[in-house]
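Quick mapping for you: the protein sequence lines, in order, are chains A and B. Read left to right, the first sequence gives residues 1 to 73 (my numbering). Read left to right, the second sequence gives residues 74 to 243 (my numbering).
Simulated from the structure, these hints should not be mistaken for laboratory data. Every residue, glycine too, gets a C-beta built ideally from N, C-alpha and C. A couple of the hints might just be wrong.
[Unchecked claim] Examples of chain A residues lying across from chain B (beta carbon under 7 Å, computed):
{"id": "1", "residue": "L35"}
{"id": "2", "residue": "T37"}
{"id": "3", "residue": "A40"}
{"id": "4", "residue": "K41"}
{"id": "5", "residue": "A42"}
{"id": "6", "residue": "I43"}
{"id": "7", "residue": "T47"}
Now for the letters of each chain:
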Amino acid sequence: MDIVVRLDELLHDRRMTLTELAARINITLANLSILKTGKAKAIRFSTLAAICEVLDCQPGDLLTFDPTQPSGG
Amino acid sequence: MNQTSVHALTLARPVLRGLTILNLLYAAGIAALLAFSFFIEGWPQRPLGFDLTHAHPNIGNGLRVIIVIGILGAVVVHTILRRLLTIVDTVRAGDPFTLRNARHLHVIAWSVLTLEVLRLPVRVIASAVWEPGRLGGFSFTPWLAVLLLFVLAGVFAHGARMRDDLEGTI
Chain A
1 MDIVVRLDEL LHDRRMTLTE LAARINITLA NLSILKTGKA KAIRFSTLAA ICEVLDCQPG
61 DLLTFDPTQP SGG
Chain B
74 MNQTSVHALT LARPVLRGLT ILNLLYAAGI AALLAFSFFI EGWPQRPLGF DLTHAHPNIG
134 NGLRVIIVIG ILGAVVVHTI LRRLLTIVDT VRAGDPFTLR NARHLHVIAW SVLTLEVLRL
194 PVRVIASAVW EPGRLGGFSF TPWLAVLLLF VLAGVFAHGA RMRDDLEGTI
């Protein structure tokens, strides 16, 4: 996907698992996995805000644009 | 969904299956009548039991054409009923808002339009050989129903695309 989701790196830096993040932002693990693997088509602002609050980051830390990556989702 | 809609959907499947069978029996019956019409003596007066002493000389062939149109109509009705049954099954499965169902609705709209168009030659033939000069009353209702179906199909397609867009939104 052109938009790259760097959730794995952020979770690793903060020593947090996907399961813990899912519980803290009240999103199912399945949906969070879809986001992590780059298969999501879109992300709600509310979801983005919740992730940034828990991981103490900015949207730009989580999402980057890489035109060399194939589009997906 | 209100109670009426729930009850309507519950009844829809057996009703549609029943109508499908009735339609097939109707088509088989009139097809048999068409076949026998070429061998029945005194067609159509004798088998139909009408006194057609002063009838149009071509009334027999006119009725045959009407029967053929009736068979075509039954084929169209069959496709409508099958597609409706498919749509009802997707509602029962919990996933009706699909582009596939939108296409089914579109085809149903065209099919109902076809049925209304098929009624026109039937009325013309009937007026020519049965009740000369009398075309019968014209009703807007079936044509409004056709328009409604096309609008519904378009709205459904738009909704299915919107739902598709939402799929994969986290």
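Results of checking the hints against the structure:
Contact between L35(A) and chain B, as hinted, is supported at the beta carbon level, the nearest pair being about 5 Å apart and thus within 7 Å. For T37(A), the suggested interface contact is broken, since its CB lies about 11 Å from the closest CB of chain B, more than 7 Å. A cut of 7 Å between beta carbons decides the hint on A40(A): the least distance to chain B is about 5 Å, and the hint holds. Nearest Cβ of chain B to the Cβ of K41(A): about 4 Å, under the 7 Å cut. The hint holds.
For A42(A), the interface hint holds, since its Cβ comes within 7 Å of a Cβ in chain B; the closest pair sits about 4 Å apart. The restraint placing I43(A) at the interface with chain B holds, with a minimum CB-CB distance near 5 Å, inside the 7 Å limit. Because the smallest distance between the Cβ of T47(A) and any Cβ of chain B comes to about 5 Å, under 7 Å, the interface hint for this residue holds.
Consistency note: the structure conflicts with earlier hint 2 alone.
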